[in-house]
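2 protein chains.
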Amino acid sequence: MLYSQLFTKTKKEAPKDEVSLNAQLLIKAGFIHKEMAGVYAFLPLGKRVLDKIIDIIREEMNAIGGQEVLLGSLQNPAVWEATNRWADGSIDVWFKTNLQAGSEVGLAPTHEEPLTALMTQHIASYKDLPVYVYQFQLKFRNETRAKSGLLRTREFIMKDLYSFSKTQEDLDTFYEQAKQAYHTIFNRLGFGDYTFLTFASGGAFSKYSHEFQTLCPNGEDTIYLDRAKGIAVNKEVYTDEVLADLGVDKTSLEEVRAIEVGNIFRLGTKFSSPLGLSYTDVDGSVQPVIMGSYGIAPSRSMGTAVELFHDDKGIMWPEAIAPFKVHLVGLGMDNDVVRTKAFAVYDQLLSADIEVLFDDRDDVSNGEKLSDADLIGIPHRIIVSAKTEDKLEWKRRNSSESVFTTFDNLITNL
Amino acid sequence: MLYSQLFTKTKKEAPKDEVSLNAQLLIKAGFIHKEMAGVYAFLPLGKRVLDKIIDIIREEMNAIGGQEVLLGSLQNPAVWEATNRWADGSIDVWFKTNLQAGSEVGLAPTHEEPLTALMTQHIASYKDLPVYVYQFQLKFRNETRAKSGLLRTREFIMKDLYSFSKTQEDLDTFYEQAKQAYHTIFNRLGFGDYTFLTFASGGAFSKYSHEFQTLCPNGEDTIYLDRAKGIAVNKEVYTDEVLADLGVDKTSLEEVRAIEVGNIFRLGTKFSSPLGLSYTDVDGSVQPVIMGSYGIAPSRSMGTAVELFHDDKGIMWPEAIAPFKVHLVGLGMDNDVVRTKAFAVYDQLLSADIEVLFDDRDDVSNGEKLSDADLIGIPHRIIVSAKTEDKLEWKRRNSSESVFTTFDNLITNL
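Protein sequence lines correspond, in order, to chains B and U.
Numbering-wise (this note's numbering), the first sequence opens with residue 1103 and increments by one.
Numbering-wise (this note's numbering), the second sequence opens with residue 1103 and increments by one.
Keep in mind that the hints were calculated from the coordinates and are not lab data.
A couple of the hints might just be wrong.
[Unchecked claim] When the alpha-carbon atoms are kept at most 25 angstroms apart in a straight line, the in silico DSS-like pairs for lysine-lysine are as follows:
1. U:K1229 - B:K1149
2. U:K1111 - B:K1268
3. B:K1241 - U:K1149
4. B:K1281 - B:K1337
5. B:K1149 - U:K1149
6. B:K1443 - B:K1497
7. U:K1111 - B:K1114
8. B:K1229 - U:K1229
9. U:K1229 - B:K1130
10. B:K1229 - U:K1130
11. B:K1229 - B:K1268
[What the hints assert, rightly or not] Some but not every residue of chain B turned toward chain U, in silico, with C-beta under 8 angstroms:
12. L1145
13. S1175
14. Q1202
15. H1224
All C-beta atoms, glycine included, are put in the ideal place defined by N, C-alpha and C.
Please model the complete structure; the sequences and the hints are all you need to start from.
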């Protein structure tokens, strides 16, 4: 893409009321726009990052047999009353509104109830199980505090997968597959090394749930990490009893701040029983379906990547989720030789199917172009200038050294 | 995809309270699920159709220079108060709700205001124009009447593009490009031949707006069509004065029912002036930006296709938006020869990159498989049975005749 055609501008300052580091950088670099506290718009660069994150998650959900759907946001109270979660006291982040005729409807903060109700139309027999259903759908959460940028917003797209199994054993088998898929996802997103399986509170149907917590000083959660074992315990279940149960020793734990980037729950029959989701088993008996839920918010992953990967000049995107792979900069574009060569390199990169943002602007200084490249944070910066002659100047965003290279060598290395 | 792994079941009956033809067929065939009046979930087959429609629209918006964003649903009253559209009387389909701290927020019924406000951050000079920005974003509309299935829902994804131009002439030039793009889209979706440019009421900044109306007995709109000229007039502006202005003769007009599948508006400075979206021109003067808006709802297009293309057995999808290209049916799968051959054909189709739904079920009758294929409406049905021997039986959904053909011949024809 030509930078001159990108409508967003970088900014020197983020809005004064924006206190989170990730949103400050993303706003300054033109990835997002703050519409109000807890509500952000994704601009072209931000939409590209969001889509790449979504694509990675979708691939991994399909790989474990997920089938994609898209449910509604407006919620019929009836299905939530069946599970006693309609009252504002039971879910404290409800947004509610009214139809013209007067009846109250909600905005989905999560989707266990409507999906469980839906599945009663399609699950009847043991032959219909297991089934894994997921979506990328808006969640609305009426958060009292929304000051962490993309880490906690009042509306956001969530990937939520729900598993429907015959037995606890079948659920356990899938639960392990989902756990592995989550590790794969965070590795692919670029922050697997910072992300730890964390034991959190379970519920009526399982001793623990599991969170994926990414170490980060600005995280909202406190966890106790056993680095050697690669597992952690959320503060909410940090008791001597739990530590003994998990076989971890208090002295080997570090107290650290972290961002909850994913969570998986065994739901058991919590939703299937009250909503009548059951199946007829091979012996003719009628059994409730055993459920699990598995969530990741792509925008929170985007915010997490920025919290982890930046310096004082800007963002440093992991390659898999960067808006473009290459940031091509023409320096001194008023020189015809430079200009012609820069456009030729742009065309060659496009021909080689490499995603490239080409700073073709001729009304800004060289210094501005270079600082914009640092702020935006695309992994590979390629400079064409009078100095580069028949070579290209290639620098990785996370390195301070640049090298002069031929186009062919560059392509081989990319 | 293997039919045995698809979690949806076809149904003999749609819910009793579902009166619309498109929703009845889509529910029976397992494409959508009714969550409440005006709110539908998209099941795997429906999600595939929706995604194909979205992809076609996205390609055509990119082709005319559109840049994709994603705005919020929750609306800050301030930007709507600036244009006098916050009051319930000015937009009669608002859904409103409250933040925990008490202040009122809305759910976007459309996005002129927030996008115009956003663009003030990125447009300052004549050099920044023109810009074309679009999104696929939820709209919430508190409709009193939601009985037309996917044709009128209380929440739906809309593709809305907004153009930002320096002058009326620039707007007019882009407006014509968008008009052509819309014709291309409806042609690609498969109902271009039924879709007519229709003159509708304009506003302060233009005499007319334009709708794209698809002829359909179940449409909510009445239009007056001049078939020879290929244009129509909406009932709302059907006056002698308008007819004279457009040079159409009353006697050549048919009164027909139609579905509004798209609309384009010249907005002029209606939103840019009150929201302060202006640019500094080359002569140093400050001018308001001239805007246009361009909408298509992918789910309404999906409902329209079903209204147009069906028979008493089910849906007949246009090829470009069908959930799969081929519906492969194994009849008599208890015969090992048939079973082996059917799976081999399935693998061959996948290898040839052809999207195929393979009915591999062995617990339903042959008749049920064939009636499900008719109901679901995939364009090409391929049968493998004891009768087909080394050939395949190929029938188009919209034809009553089947032919026996070789695999190679089939691939050539597909």
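Indices of hints not satisfied (ascending): Going through the list in order, the structure violates hints 7 and 8 and respects the others.
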